[in-house]
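Could you build all of it, start to finish, from the sequences and the hints given here?
Here are the chains, one letter per residue:
Number of protein chains: 2
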Amino acid sequence: MTCDLCQPTPYEILWHDDFCRVVLLNDADYPAYCRVELIAHIKEMSDLDAQNQHRLMQAVFAVEAAMREVVNPEKINLASLGNKTPHLHWHIIPRFADDKHFPNSHWGEVVRGEPRNDALQANIHALSGHAKLMLIDKIKTTIEKL
Amino acid sequence: MTCDLCQPTPYEILWHDDFCRVVLLNDADYPAYCRVELIAHIKEMSDLDAQNQHRLMQAVFAVEAAMREVVNPEKINLASLGNKTPHLHWHIIPRFADDKHFPNSHWGEVVRGEPRNDALQANIHALSGHAKLMLIDKIKTTIEKL
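First to last, the sequence lines map onto chains S and G. Residue 321 is where the first sequence starts when you use the working numbering, and the numbers rise one by one after that. Residue 321 is where the second sequence starts when you use the working numbering, and the numbers rise one by one after that.
Errors might be hidden in some of the hints.
Heads up, the list lumps identical chains together, so a pair's fine if it works in one copy or across two of them.
The list that follows gives simulated cross-link-like pairs (lysine to aspartate or glutamate, DMTMM-like), each with its CA atoms no further than 25 Å apart [what the hints assert, rightly or not]:
hint : residue 1 : residue 2
1    : K363      : D418
2    : K420      : E364
3    : K420      : E389
4    : K465      : D338
5    : K452      : E332
6    : K404      : E429
7    : K404      : D338
8    : K404      : D349
9    : K404      : D347
10   : K452      : E389
11   : K465      : D369
12   : K460      : E332
For the record, the hints were derived by calculation from the structure and aren't laboratory data.
Here it is as structure tokens:
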């Protein structure tokens, strides 16, 4: 079976090296939602050696730190599931107290139909322009100084 | 508000030190489902320094490795959400191809009512006895040799 993550990504690449890439999913409900995707087709974190586990998590935490600074979410959600696509990728999801699913997982039950508070609206707007550039810049400088 | 994870845990502690603990949730659908819980009340991974991020993830990956060896799941799911309990804790969930939610997130839509294949039944059984001791032993030896 062809692996989606082994194909060229349909998403905007915010940062990449030869080990992993950071993509912006353009999720309508979670505008700053990013994924960190390993380039190699590897299934589980425990299939990586300790050095590469650390390298991948540093990228994840760099995105988390950049996201907190730029969109200031109520909570960051991190997850590596891969049940449908068993190729290592980390979800980094900025959550807001009145987003569509909060406090549930964003894979869980929807709890409100029109989640958009002012902050989230502002983020949606911002991410179409200046703040997206800020996010890219923060990710880049955070990862590259590691 | 009182934080549940700052209270004595109601779950069986498989391993602990002064930094984190590994607890077995005794989830009926996911018998080997564990959490790694930070002892300190800290909200996000990016609130930890790099050394403690690494230390916590090493515990998570040690549990993952032990779980793979003992219950041999189709996929491991890792997540740090904390929307309801903003105190760092990692979910380590062994997934099977015909468990209740697979391939969805276990927070997502239920896709089958009676998920229990032979392997899962075997795991449920095993985790009540010998395999639970094995899991505890593997976690302990893996974490303590880090």
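Hints, one by one, checked against the model:
no.	hint	in the structure
1	K363 to D418	between (34 Å within a copy, 19 Å between copies)
2	K420 to E364	between (30 Å within a copy, 21 Å between copies)
3	K420 to E389	within (22 Å within a copy, 38 Å between copies)
4	K465 to D338	within (16 Å within a copy, 31 Å between copies)
5	K452 to E332	within (11 Å within a copy, 44 Å between copies)
6	K404 to E429	both (20 Å within a copy, 14 Å between copies)
7	K404 to D338	within (24 Å within a copy, 37 Å between copies)
8	K404 to D349	both (21 Å within a copy, 19 Å between copies)
9	K404 to D347	both (18 Å within a copy, 22 Å between copies)
10	K452 to E389	within (12 Å within a copy, 42 Å between copies)
11	K465 to D369	both (22 Å within a copy, 15 Å between copies)
12	K460 to E332	within (14 Å within a copy, 42 Å between copies)
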